[in-house]
Amino acid sequence: MTSYLVVGVGAIGRRVVEHLGEGEDVMGVGRHDQWPPAEVVVLATPSPQHELATRALASGAHVVSTSDDLDDVDALLLVRPPDEQRLVVAAAAAPGLSGLLARHGATFLTQLDEIHVQSVGTGGPTCAIQHHRALGGTSLGWHDGAWQERPAGTGRELCWFPEPVGAHDCYRAELADPVLLHRAFPEADRITARVAATRRDRLTARLPMLRDPHPEGLVGAVRVELRGAAGTAREVVVLGAAQPLAGLAALVAAETARQVAGGAMPPGVVTLADAEVPTNALLGALADRGLRLERFEGTGARTAW
Amino acid sequence: MKVFRRALLAVGSAGIIAAVLRIRGRGGVPPQKGGWTELRVDGEAPPA
Numbered sequence: 001m002t003s004y005l006v007v008g009v010g011a012i013g014r015r016v017v018e019h020l021g022e023g024e025d026v027m028g029v030g031r032h033d034q035w036p037p038a039e040v041v042v043l044a045t046p047s048p049q050h051e052l053a054t055r056a057l058a059s060g061a062h063v064v065s066t067s068d069d070l071d072d073v074d075a076l077l078l079v080r081p082p083d084e085q086r087l088v089v090a091a092a093a094a095p096g097l098s099g100l101l102a103r104h105g106a107t108f109l110t111q112l113d114e115i116h117v118q119s120v121g122t123g124g125p126t127c128a129i130q131h132h133r134a135l136g137g138t139s140l141g142w143h144d145g146a147w148q149e150r151p152a153g154t155g156r157e158l159c160w161f162p163e164p165v166g167a168h169d170c171y172r173a174e175l176a177d178p179v180l181l182h183r184a185f186p187e188a189d190r191i192t193a194r195v196a197a198t199r200r201d202r203l204t205a206r207l208p209m210l211r212d213p214h215p216e217g218l219v220g221a222v223r224v225e226l227r228g229a230a231g232t233a234r235e236v237v238v239l240g241a242a243q244p245l246a247g248l249a250a251l252v253a254a255e256t257a258r259q260v261a262g263g264a265m266p267p268g269v270v271t272l273a274d275a276e277v278p279t280n281a282l283l284g285a286l287a288d289r290g291l292r293l294e295r296f297e298g299t300g301a302r303t304a305w
Numbered sequence: 001m002k003v004f005r006r007a008l009l010a011v012g013s014a015g016i017i018a019a020v021l022r023i024r025g026r027g028g029v030p031p032q033k034g035g036w037t038e039l040r041v042d043g044e045a046p047p048a
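Note that the protein sequences, when read in sequence, are chains L and U. FYI, our numbering numbers position 118 of the first sequence as 118, with every residue one higher than the one before it. FYI, our numbering numbers position 8 of the second sequence as 8, with every residue one higher than the one before it.
The set of hints was computed from the structure by calculation and includes no laboratory data. We treat Cβ as the ideally placed atom computed from N, Cα and C, and that holds for glycine. Some hints could be false.
[Claimed, not checked] Sample of chain U residues with no beta-carbon within 10 angstroms of chain L, all distances over it, derived:
#1 Met1
#2 Val3
#3 Phe4
#4 Leu8
#5 Gly12
#6 Ile17
[To be verified] Cross-link-like lysine to aspartate or glutamate pairs, in silico, EDC-like; alpha carbons within 20 angstroms at most:
#7 U:Lys33 / L:Glu297
#8 U:Lys33 / L:Glu235
#9 U:Lys33 / L:Glu163
Modelling step: build the complete structure from the supplied sequences, incorporating the hints.
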């Protein structure tokens, strides 16, 4: 029996404990509580998590982080775990599931040129604050061999997500996905990430939050679009999943923790987009747990003119 | 009277054109497939 410690008892942490709880030794604690020894530590606290990750690694545990803050993810990528220990960075919805979908979607292409990630919704209150902050910052995107900085809240794109979420306007934001995806797919020429936002979100992004964030977002979806070549043809692969993001992030974190405990993850710093990650096993486990993974199939119908 | 005749001619012409497009036009059939479909991770093979 593997011992798991879940640090953070919010919307995501509580669910990670529930997911891992069946037949396992699982304990959930607050950030400032005493940490009992455990083989795998799942960090489900607000960002930053890199200091907590260092502390957990020093105790001899493997670590699964759920941070989606760009600066924190950068710091986590610089952490050097001791030999044979694993640090999984950003195992949540986006980033997290987005990396798994990108890796799986890339198998449909013989040459990958572009990766575009979009997401809708927020998890708990901390995630809503992070969403607000991301829309007020500077977005990072990989464009033809160089990083491009653009103001967040710009670059509107209408994106279709799996039902029941449907179409949403998505905008650039200060997101960690491009950094993680560029690390995993250095061959891709263009990598962007966007989040869905309303006019009010964009208008108030650079102000303090005008009202308390909701306890939990009830709508959520992640979508990954890959463009490239399949043989001699140009191909676009669109994969996605729709589920409220707190539950989705918790599911991804819990199943990642199981893979870490089972020794399936490579040692060192790992992201879910990495080629060495057992992508199909993880996606299969998520599907077994009720997550419906979907692919957008185009239509061959032609217009009459 | 002249304006009335011109208006009548315009409405009549528009009607005839609309009727021709409605009868002869090939609007096609809306897409009968496509959209989001469930992705089976193990069963779906990448293209050759």
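Each hint, compared with the structure:
no., hint, verdict
1, Met1, "holds, 39 angstroms"
2, Val3, "holds, 35 angstroms"
3, Phe4, "holds, 35 angstroms"
4, Leu8, "holds, 30 angstroms"
5, Gly12, "holds, 25 angstroms"
6, Ile17, "holds, 16 angstroms"
7, U:Lys33 / L:Glu297, "holds, 8 angstroms"
8, U:Lys33 / L:Glu235, "holds, 18 angstroms"
9, U:Lys33 / L:Glu163, "holds, 16 angstroms"
In the structure shown, no violation is registered for any of the earlier numbered hints.
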